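**Q** For the sequence shown, position 21 matches number 21 in the UniProt record's numbering, and the numbering has no gaps at all.
No lab work stands behind these hints: they were computed from the structure. Since this is a predicted model, take the numbers as computed values, not measurements. Heads up, a few of these hints could be off.
Distance ranges between label pairs, derived from CB positions [to be verified]:
(1) D140 <-> D349: 31 to 37 Å
(2) R419 <-> G276: 33 to 39 Å
(3) S3 <-> L117: 46 to 52 Å
(4) A364 <-> A88: 46 to 52 Å
(5) D93 <-> P120: 38 to 44 Å
(6) A61 <-> S3: 17 to 23 Å
(7) R139 <-> H385: 41 to 47 Å
(8) A364 <-> E10: 48 to 54 Å
(9) R84 <-> E196: 23 to 29 Å
(10) L117 <-> T2: 42 to 48 Å
(11) P120 <-> R84: 38 to 44 Å
(12) A364 <-> D245: 35 to 41 Å
(13) G422 <-> A273: 40 to 46 Å
(14) V233 <-> L117: 30 to 36 Å
We put the CB at the ideal spot given by N, CA and C, even for glycine.
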Amino acid sequence: MTSAVQSAYESLPPTSARLYRLVGVEAPPLLDPAAAAVLGELSQDAASGHLRVLADAGLLAERHDQPWLGPCYRMTHPVLRHARRCAAEAESDDAVRDAMGRWVRWLLATFTRAERLITPDHRELDRDVAGAPGWPDFRDEAGALEWLTARQDDLRTAVYVAAEYGWDELVWQLVHAAWPLFQRIRPLALWVELLEQGLAAARRTGDRLAQREMLTASVGVLRGLHRYGGAAVRASEALTLAREDSDSLAEAQALHGLGACHHARGEEPVALAVLGEAMEIRRGLGYTRGVGLSRLVVGLVHLEAERPMDAMAQLAVAREELEEAEDRFNAARALAWLGRAHSRAGRPDAAFRLGSEALGEFRATGSPPWQARALYLLGQSTEDHHDSERAVHLYARAVALAATASPSDVDHYTEALNRVAGGDGTSAASAESAPGDGPPS
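Using the sequences plus the hints, can you model the full thing?
**A** Structure below.
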């Protein structure tokens, strides 16, 4: 195999050979003409041609899992080892470092463009993207989210490359820019892994704002993993930093996270008090979206305390505030829970109408995990009103979608399906091919 690879390599034109070596340094998991162009300082058309040369020589294997991106490739492990040896022999340390820097900054710039389009209210922080190419140019949220989803492995690789080279600012900036991926798609294991890297990098730089952002983001993912004690510790640390730095926006965010932790742990009075403090600060800042997000959690506290009328009042206003802030995704979350509150108040028709509307919104905003969550909530509402057949149908759809969109939730949704269907629920789940988030919190 080695002799065949070496022979193929020796037959390459010089530019193709150089691209082969640079690709082999870290082998971007999703190698397309855009990534190759950045690494090799080429136009995308030229990069596409050289990739075909490498593929024809048997040095790249074509990928077929992202057809919308056009031709994509990967290196097999034996070829990768050979390419790295060639790079070590023929490329200077500076050349390799420059290529890796171009690729990392291009990913950062592209993640940032997607971030600004999908989550324009996400706090803007500095981005070290000077000179990075301006493509792809996303036309809509759906395209941007699809691109982010496809690049998850690239993101992870880039974070570790940046850490290896000591580019700590780039480490935490990459993690921060990936917020819409984490919010909509919720790859929890990847999220917590990269947040740990981002927090460590922010601490090494001494950038306190970056530390606060990494800490408050960690609160959300740790809650999603049901690690409520660790989430509360991170929220408290973020709150201390925010108050020391007189950062009211970060203070309110930390209080919101802390209140959500108290809610998840069943500490209702403390949760309401802390969330009320967060809402007061956010209201004073004129941050309508933030008020709506905190009010949404207040609504959940009332809902789980079996006060559906109070929950309905809070969730209806939260939805209005989030719609006013043009936060369609979180407005849909408020709507989904509002449907549950109507169900608990004995209003099944309104519950199903609102829950179905929320499901449509999650489809439109591109969040399969929350589509599964919406199906689960609809199943709960139909179960409330003794429509077991419909509940089985909805729970089965939630299980089927969560199997690919949010695997950590499959057991929870399957438990509900089994409870209503009886037995192991296997036939009901497998019968549903229709195309997700953890248990309600």
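**Q** Against this structure, judge whether each hint is valid.
**A** Hints and how they fare:
Checked against the hint of 31 to 37 Å, the C-beta distance between D140 and D349 comes to roughly 34 Å, which is consistent with it. For the pair R419 and G276, the beta carbons lie near 36 Å from each other, so the given range of 33 to 39 Å is met. At roughly 49 Å, the beta-carbon separation of S3 and L117 lies within the given 46 to 52 Å, and the hint holds. For the pair A364 and A88, the supplied restraint of 46 to 52 Å holds, since their beta-carbon distance comes to about 49 Å.
Our hint of 38 to 44 Å for D93 and P120 holds, since their Cβ atoms are close to 40 Å apart. A beta carbon spacing of about 19 Å between A61 and S3 agrees with the range 17 to 23 Å that was offered as a hint. The supplied range of 41 to 47 Å is met by R139 and H385, whose beta-carbon atoms lie about 43 Å from each other. Distance hint check for A364 and E10: the Cβ-Cβ separation is about 53 Å, which falls inside the suggested range of 48 to 54 Å.
A hinted range of 23 to 29 Å for the beta carbons of R84 and E196 is consistent with their spacing of about 27 Å. At about 46 Å, the CB distance of L117 to T2 agrees with the hint of 42 to 48 Å. For the pair P120 and R84, the supplied restraint of 38 to 44 Å holds, since their beta-carbon distance comes to about 41 Å. Between A364 and D245 the C-beta distance comes to about 38 Å, which sits within the given range of 35 to 41 Å.
Roughly 43 Å separates the CB atoms of G422 and A273, a value that falls within the hinted 40 to 46 Å. Separated by about 33 Å at the C-beta atoms, V233 and L117 satisfy the suggested range of 30 to 36 Å.
Comparing the model with each numbered hint stated earlier shows that all of them hold.
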